[in-house]
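Asker: So the sequences go chain by chain: U and H.
Position 308 of the first sequence, counting from 1, maps to 308 under the numbering used here, and the rest follow consecutively.
Position 66 of the second sequence, counting from 1, maps to 66 under the numbering used here, and the rest follow consecutively.
Keep in mind the hints are simulated off the structure, nothing from the lab.
Hints may be right or wrong, so weigh each one.
What the hints assert, rightly or not - With beta-carbon atoms standing in for the labels, derived distance ranges:
hint, chain 1, residue 1, chain 2, residue 2, range
1, U, G88, H, V23, 16 to 26 angstroms
2, U, A236, H, V22, 57 to 67 angstroms
3, H, A32, U, K66, 35 to 45 angstroms
4, U, L83, H, Q207, 52 to 62 angstroms
Stated by the list, open to error - Simulated pairs of lysine-lysine, DSSO-like, Cα-Cα distance not exceeding 30 angstroms:
hint, chain 1, residue 1, chain 2, residue 2
5, U, K163, H, K147
6, U, K167, H, K147
7, H, K147, U, K250
Because the structure is a prediction, the values reported are computed rather than measured.
For glycine and all other residues, C-beta sits at the position ideal for the given N, C-alpha and C.
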Amino acid sequence: MKRITALSAALLAVTLGAQAHAQSWSLATAAAPYKGTTIKAIFLDRPGYKAAAQLIPQFEKETGIKVSYETVPYESTNQRYVLDFTSGGGADLVLNDVVWIGQFVDAGWMVPLEKFYNDPKLADPALNVKGFFPVLLDSFGTWNKKIYSYPFDNYSGLMYYNKCTLKAAGFAGPPKTWTELLTKYGPKLTGNGKYAFALQSRRGETQSADSFMRTLWLSGGGLIDPKTFEPTLTSAASQKGLKFRQDLMKFMPPGVVDMDHAEAVAAFNNGTVPLLTEWSSFYTTIADPKQSKVPANCLGVTTEPLGADGLKPALGGFGLGVNSNSDAKHQAAAYLFAQWITSEKMAKPYVQAGGVSGRQAVYKDPAIRAKYIFVEPMVKSWSAGTAVPNFRPRFAEWPQISQIVAENGTKIMLGQLTPQAGAKVIDGRVKEILTRAGYYSGKKAKLQ
Amino acid sequence: MHTQKRITPFLFLAPAVIVLAVVGIYPLLFAAWVSLHTYLLAQPNIPHDFIWFSNYLTVIQDGAFWGSIGRTLFYLAVALPVQIVLGLGIALMLRRGRWAALRGFARVALVIPLAMTPVVTGLIGRLMFNQEFGIANYIQTTITGNKVGIEWLGNPTMAFAAILLLEIWQWTPFAALIFLSGLTAVPVEVEEAATLETRSFWVMLRQIQMPFLMPALTAILILRTADILKQFDMVYTLTGGGPGSSTELINLYITRIGLRGAFDQGVASAQAILMLVLTIMLSRLYIKYLYKGDDA
Numbered sequence: 001m002k003r004i005t006a007l008s009a010a011l012l013a014v015t016l017g018a019q020a021h022a023q024s025w026s027l028a029t030a031a032a033p034y035k036g037t038t039i040k041a042i043f044l045d046r047p048g049y050k051a052a053a054q055l056i057p058q059f060e061k062e063t064g065i066k067v068s069y070e071t072v073p074y075e076s077t078n079q080r081y082v083l084d085f086t087s088g089g090g091a092d093l094v095l096n097d098v099v100w101i102g103q104f105v106d107a108g109w110m111v112p113l114e115k116f117y118n119d120p121k122l123a124d125p126a127l128n129v130k131g132f133f134p135v136l137l138d139s140f141g142t143w144n145k146k147i148y149s150y151p152f153d154n155y156s157g158l159m160y161y162n163k164c165t166l167k168a169a170g171f172a173g174p175p176k177t178w179t180e181l182l183t184k185y186g187p188k189l190t191g192n193g194k195y196a197f198a199l200q201s202r203r204g205e206t207q208s209a210d211s212f213m214r215t216l217w218l219s220g221g222g223l224i225d226p227k228t229f230e231p232t233l234t235s236a237a238s239q240k241g242l243k244f245r246q247d248l249m250k251f252m253p254p255g256v257v258d259m260d261h262a263e264a265v266a267a268f269n270n271g272t273v274p275l276l277t278e279w280s281s282f283y284t285t286i287a288d289p290k291q292s293k294v295p296a297n298c299l300g301v302t303t304e305p306l307g308a309d310g311l312k313p314a315l316g317g318f319g320l321g322v323n324s325n326s327d328a329k330h331q332a333a334a335y336l337f338a339q340w341i342t343s344e345k346m347a348k349p350y351v352q353a354g355g356v357s358g359r360q361a362v363y364k365d366p367a368i369r370a371k372y373i374f375v376e377p378m379v380k381s382w383s384a385g386t387a388v389p390n391f392r393p394r395f396a397e398w399p400q401i402s403q404i405v406a407e408n409g410t411k412i413m414l415g416q417l418t419p420q421a422g423a424k425v426i427d428g429r430v431k432e433i434l435t436r437a438g439y440y441s442g443k444k445a446k447l448q
Numbered sequence: 001m002h003t004q005k006r007i008t009p010f011l012f013l014a015p016a017v018i019v020l021a022v023v024g025i026y027p028l029l030f031a032a033w034v035s036l037h038t039y040l041l042a043q044p045n046i047p048h049d050f051i052w053f054s055n056y057l058t059v060i061q062d063g064a065f066w067g068s069i070g071r072t073l074f075y076l077a078v079a080l081p082v083q084i085v086l087g088l089g090i091a092l093m094l095r096r097g098r099w100a101a102l103r104g105f106a107r108v109a110l111v112i113p114l115a116m117t118p119v120v121t122g123l124i125g126r127l128m129f130n131q132e133f134g135i136a137n138y139i140q141t142t143i144t145g146n147k148v149g150i151e152w153l154g155n156p157t158m159a160f161a162a163i164l165l166l167e168i169w170q171w172t173p174f175a176a177l178i179f180l181s182g183l184t185a186v187p188v189e190v191e192e193a194a195t196l197e198t199r200s201f202w203v204m205l206r207q208i209q210m211p212f213l214m215p216a217l218t219a220i221l222i223l224r225t226a227d228i229l230k231q232f233d234m235v236y237t238l239t240g241g242g243p244g245s246s247t248e249l250i251n252l253y254i255t256r257i258g259l260r261g262a263f264d265q266g267v268a269s270a271q272a273i274l275m276l277v278l279t280i281m282l283s284r285l286y287i288k289y290l291y292k293g294d295d296a
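Kindly produce the complete structure, drawing on both the sequences and the hints.
Answerer: The structure is reproduced here in structure tokens:
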């Protein structure tokens with residue numbers, strides 16, 4: 001009896017203590033020791049960063065911490081980080097792409113966030129990491145069961161469609177499957193300088209992620225076997241995907257192999273294509289009447305078409321973490337910003353400013369669901385059982401593999417290599433890289 | 001006194017030598033050292049082991065390296081003669097004659113492409129060669145009446161043509177200005193005397209003007225060859241080396257190996273050292289066969 005009483009008393013004390021902490025904690029108090037500190041960040045020229053930039057003055061006012069950011073083109077960002085980190089410097093806030101986390105953590109460039117969220121002075125009691133979509137926290141933020149960043153700029157592949165053009169061609173809605181897109185929509189919507197669909201395929205991460213990997217997932221194929229890490233591009237399923245993309249090219253604009261996101265979105269906005277698979281974050285650009293000729297009443301957004309294994313949408317985005325090269329003061333200040341901008345409290349203002357939050361709660365708000373038509377398909381795409389955390393392998397070797405995929409993927413599209421020959425080249429190089437890394441000898445754990 | 005006299009020249013030379021050593025010789029020696037070691041920037045946990053000539057062997061066996069070398073030499077072989085011929089033509093037209101004000105304007109206008117940074121040139125090129133709304137296709141469709149524009153940047157051959165066009169557009173004025181300055185060395189009385197013998201433009205050019213233009217031609221060849229072999233910014237922003245690897249010149253390839261993906265500085269340094277050897281060889285050839293120094 002005495003034991004039970006003692007345990008109850010201890011639990012009560014912990015609960016009261018936690019409540020007292022929750023009541024006493026404030027961002028201003030937590031930030032007080034770091035007032036006057038300037039933290040540096042790298043941003044991209046994308047809507048999520050413009051949204052964050054609008055909110056930064058609020059953080060600066062509340063904390064006295066200054067956030068200085070530099071906008072860098074996406075394709076140069078990884079290079080910039082690696083060079084900065086190697087020289088012992090770099091931005092205090094680390095913006096890690098979903099496919100860089102393995103590289104950054106392996107090299108010891110990011111601090112595990114437990115250092116901060118276990119510190120009662122820094123940890124916001126309302127942090128609620130379970131409030132993030134699990135797929136986002138797992139893929140952008142977590143490596144080997146440790147959290148290194150909070151999901152900040154989050155993307156799901158979606159299908160944007162022009163209802164009016166589809167209706168005029170006799171379609172009641174967008175294609176439900178990839179096969180339907182190829183066999184029914186493609187032929188009917190292509191002709192007179194117009195095309196059915198655009199798949200952004202420019203050499204770079206756009207080719208590897210948006211074009212090549214999407215093609216593999218839709219056919220049930222893959223780059224490597226998830227258990228053995230053996231390359232699998234020559235498998236029947238992967239080959240089917242690569243051949244499917246070649247067939248689909250008949251219904252895409254001729255220069256699609258050089259189209260980056262901007263060009264693909266422009267093709268949709270100009271009415272050249274009525275169907276486009278693109279990241280959720282481009283909704284603001286596509287829905288902006290100043291940038292798009294597609295009338296608001298004609299714009300539709302849905303999930304990507306179903307493939308061999310059902311809905312396997314593209315997953316991308318960035319987390320915000322902390323640079324291990326920074327000193328303790330800058331690390332703490334950077335953590336406070338990352339925690340604040342990704343918090344549940346800031347999710348709504350972030351979305352309203354044009355960002356895409358990784359918090360589940362904000363998308364339950366009926367006003368948000370009504371205003372942003374991309375929310376429903378995006379939430380569905382991120383739901384358990386649908387989302388694919390390893391849409392691209394996240395290990396340290398991906399940036400190297402991505403270069404090889406980008407080069408040979410575009411060669412396949414151009415017909416310079418057959419899908420079979422291209423697959424053999426990529427498989428050979430992937431095997432070489434993964435062997436050198438030590439995955440097959442057991443020197444390195446098979447994490448992706 | 002005697003010692004002071006001997007030291008003074010060294011003191012005058014010292015600043016230049018020190019600067020050269022810091023910005024030129026040290027990086028070169030460091031690159032040579034890196035080329036003999038395992039040096040993966042993105043994997044700091046891997047030690048920088050001395051591996052003899054293993055990186056050079058990797059480069060020599062790499063088909064993509066030779067592919068990009070071949071592409072670069074082809075780019076050089078097309079761009080450089082066109083720049084020289086057009087540059088010489090422009091220089092001869094601007095040298096003298098009527099319309100002095102117009103010629104003055106043209107000389108100033110020649111500087112504009114040169115003043116433009118290659119990155120901006122590449123970005124402007126992306127707009128000019130855009131299939132849907134680029135001016136290149138506007139002109140092409142207006143002239144030919146075709147409804148469908150050329151697929152400039154999505155087609156390997158046309159993408160290569162696009163980088164060549166921009167290269168020629170940007171650097172022909174450089175050749176023109178160098179030739180123009182070279183033509184000022186041709187004595188007027190020699191030309192006048194020659195006109196008594198012949199009215200032929202070609203004879204005048206070959207027998208009278210060209211001997212005076214050889215130093216200018218050698219300078220253009222050496223400078224433009226070195227620059228073209230180093231070409232990066234414009235092509236990177238215009239095509240990124242694609243589609244496929246159709247516009248991946250050697251510098252883009254070296255950058256891809258050394259500063260992207262694997263960040264393999266060892267192999268990239270070996271590639272850069274080999275490129276340096278190639279550049280020096282080409283320069284020596286130009287000097288040996290074209291430039292006779294004071295004999296010109």
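Asker: Work down the list of hints and note, for each, if the structure agrees.
Answerer: Now the hints, each set against the structure:
no.	hint	in the structure
1	G88(U) <-> V23(H): 16 to 26 angstroms	holds (22 angstroms)
2	A236(U) <-> V22(H): 57 to 67 angstroms	holds (59 angstroms)
3	A32(H) <-> K66(U): 35 to 45 angstroms	holds (43 angstroms)
4	L83(U) <-> Q207(H): 52 to 62 angstroms	holds (55 angstroms)
5	K163(U) <-> K147(H)	holds (26 angstroms)
6	K167(U) <-> K147(H)	holds (26 angstroms)
7	K147(H) <-> K250(U)	holds (18 angstroms)
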